[in-house]
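Undergrad: Listed here are the chains, written in short residue letters.
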Amino acid sequence: MDIVVLLKQVPATESIIAVGGDGKSIKTDDLKWVISPYDEFAVEEALRIREGQGGKVTILTVGPDKATEAVRTALAMGADEGVLINDPAALACDGLGVARILAAALKQMPFDLVIAGQRAVDDDNYLVGTAVAEYMGIPNISMVNREEIADGKIKCRQTIEGGTVTLEADLPVLFTTQRGLNEPRYASLPGIMKAKKKPLETKSLADLGIDAATLQPVTAIAALQPPPERKGGRIIEGETAAEKAAELVKLLSEEAKVL
Amino acid sequence: MSVLAIAEQRDGTFRKVTYEVVSEARRVADSLGTDLAAVVLGSGVEAIAGELGKYGADKVLVADHPALAEQITEPYTNVIADIAGKQSAEVLVIGASSQGKDLAARLAARLNAGLAMDCVAVTVEGGNVAATRPMYGGKVLAEVALNGSPKIVAVRPNAMSITENPKDGSVEKLDVDPGEGRLRFVEKKLETEKVELTEADVIVSGGRGMGGSDYTLVEGLAEVLGAAVGASRSAVDEGWRPHSDQVGQTGKTVSPNLYVACGISGAIQHLAGMSSSKVIVAINKDPEAPIFSKADYGIVGDLFEIVPLVTEEIKKRKG
Ligand SMILES: Cc1cc2nc3c(=O)[nH]c(=O)nc-3n(C[C@H](O)[C@H](O)[C@H](O)COP(=O)(O)OP(=O)(O)OC[C@H]3O[C@@H](n4cnc5c(N)ncnc54)[C@H](O)[C@@H]3O)c2cc1C
Ligand SMILES: Nc1ncnc2c1ncn2[C@@H]1O[C@H](COP(=O)(O)O)[C@@H](O)[C@H]1O
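Taken in order, these protein sequences are the chains called A and B. Under this note's numbering, the residue at position 125 of the first sequence is numbered 125, and the numbers go up by one with no gaps. Under this note's numbering, the residue at position 244 of the second sequence is numbered 244, and the numbers go up by one with no gaps.
These aren't lab readings, by the way, just hints derived from the structure by calculation. Please note that the accuracy of each hint is not assured.
[Unchecked claim] Quick list of in silico lysine to any residue cross-link-like pairs, SDA-like style, CA-CA up to 25 Å:
#1 250(A) to 224(B)
#2 188(B) to 199(B)
#3 316(B) to 135(A)
Taking the hints into account, I'd like the entire structure generated from these sequences.
TA: Pasting the structure below:
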């Protein structure tokens, strides 16, 4: 079973995000970078499938030099190989552009299954995985919290509002991850040592035979803004718990008018 | 040129987001000076379609086919892409529900459409369409310009107002081709009594301060408020609550009218997911808890004492 994981490096979720001087991008100076949490689920699931059925897990990333760290971390978790597509033109793309690049890379490698995050927790686009499936002409199943592979078929349980839907398809398929799918393992020390020797190939768009002109963005960030400041901080006073509770309910009803 | 509003129905009933989608699409169509067609996909859904005229649909296109009974992204994409072409759609408005997001994404790739996912506002100026959407789990708001044609806006559930604006709404049944069914439907399981977090007007959440899986207190308050129950990641990691209850940057982003946080410290990942709530209430025994700096109203105290009292007070007030 050849499994490809689409993985993006993003700022750690504990980061404070500040808007940069151009008003269109974020300040990246002091950020710590990690594998997007939903992509970590994807790596973990790929490893479990390989452990059960054999095969190979390849990590595929579009990103700058720094993204090498994220690929190495996935290799240290146990993935077999990494491919980093690092090209200035790739970094200027929108989500559909990134998906086109990933699809072009996938066309150069064997795969039975592609796993992506439901969303990258930086742009929260929920787009790239599904778009890759469309460009590859394969079915996709989103927000999967359980999967089962047998006889060349995959059965996936996806979460929807208030419940789940289970779908089945013949491989190859792309699915995206949901919390609950698994608990990702940590990279062990031996894993980190081994990862240093695992193959990690860097490719340019030219290597993939992509003409950057075909990656014309259809979306553009015109501006970024911090969300409206919350005033907050009003503590309700009272002699007893009952007084506080009564005062809260009064304020919610008469001042905030939300009851 | 036209605007298409993609309705979402489940088992013959429109989801609330559908009315938000049609209302918002009407505003977009008016700004562009074009007609609005609502599109209803499903099996045996013709009877419900006409209702969408009430929210501003000039006509309602019905794609009725057994293969569309369940919302599955691929056949839905095939049908909608075809309709978008035939109707010369300039803008498609879709509800950013779980399945709606996937549909919007696959359609964007199929149509090479600029897509704003999960947007909270749409603006049309001089024929240009832009949308406001949260990024980094709500830590920043992005203004996204949409280029290309058509464009897709996937609107966040609960973010757009529902407006009655009666139009003709004449129903037209289409001949549709859902394509080969590569995804086979196995089963659907629903917890019907549960209020969905992303659609709830009021949410009561419990964190590690709950001290265990007994959420009776939080559920009691939620019941008198008609609220959904949420949780912090710690409560989910402890196994006290299901994953689907998690609010935050790696869980659900919510923006109810009222969010009550019980025994939640207010870590940045939690705040990211709920700080766009209209009114936030925090109940926490630690006066230094960061949640208080975001809460409109805070009570410092033991939740096991405070929450039942609040529940009683609300019962009294509601009579
Ligand atoms: C990659 C990553 C992603 C994450 N994503 C999320 C996410 O999406 N959502 C999320 O919520 N977290 C997320 N977290 C976790 C986050 O950092 C915090 O650990 C978590 O939110 C803390 O949950 P909590 O507030 O319930 O627990 P704690 O921080 O332990 O706070 C418990 C609070 O309860 C109060 N308390 C205790 N007993 C009582 C009582 N009897 N009465 C009143 N108050 C009481 C305490 O004073 C304390 O403030 C993420 C972390 C990482 C690393
Ligand atoms: N630059 C990238 N490189 C590799 N995979 C990506 C990249 N961007 C997004 N993805 C994949 O697509 C998923 C959804 O991302 P997004 O559409 O940006 O929210 C991510 O969880 C990844 O699996």
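Undergrad: State for each hint whether it applies.
TA: Hints versus structure:
| no. | hint | in the structure |
| --- | --- | --- |
| 1 | 250(A) to 224(B) | holds (15 Å) |
| 2 | 188(B) to 199(B) | holds (20 Å) |
| 3 | 316(B) to 135(A) | violated (58 Å) |
When held up to the earlier numbered hints, the structure conflicts with hint 3 and nothing else.
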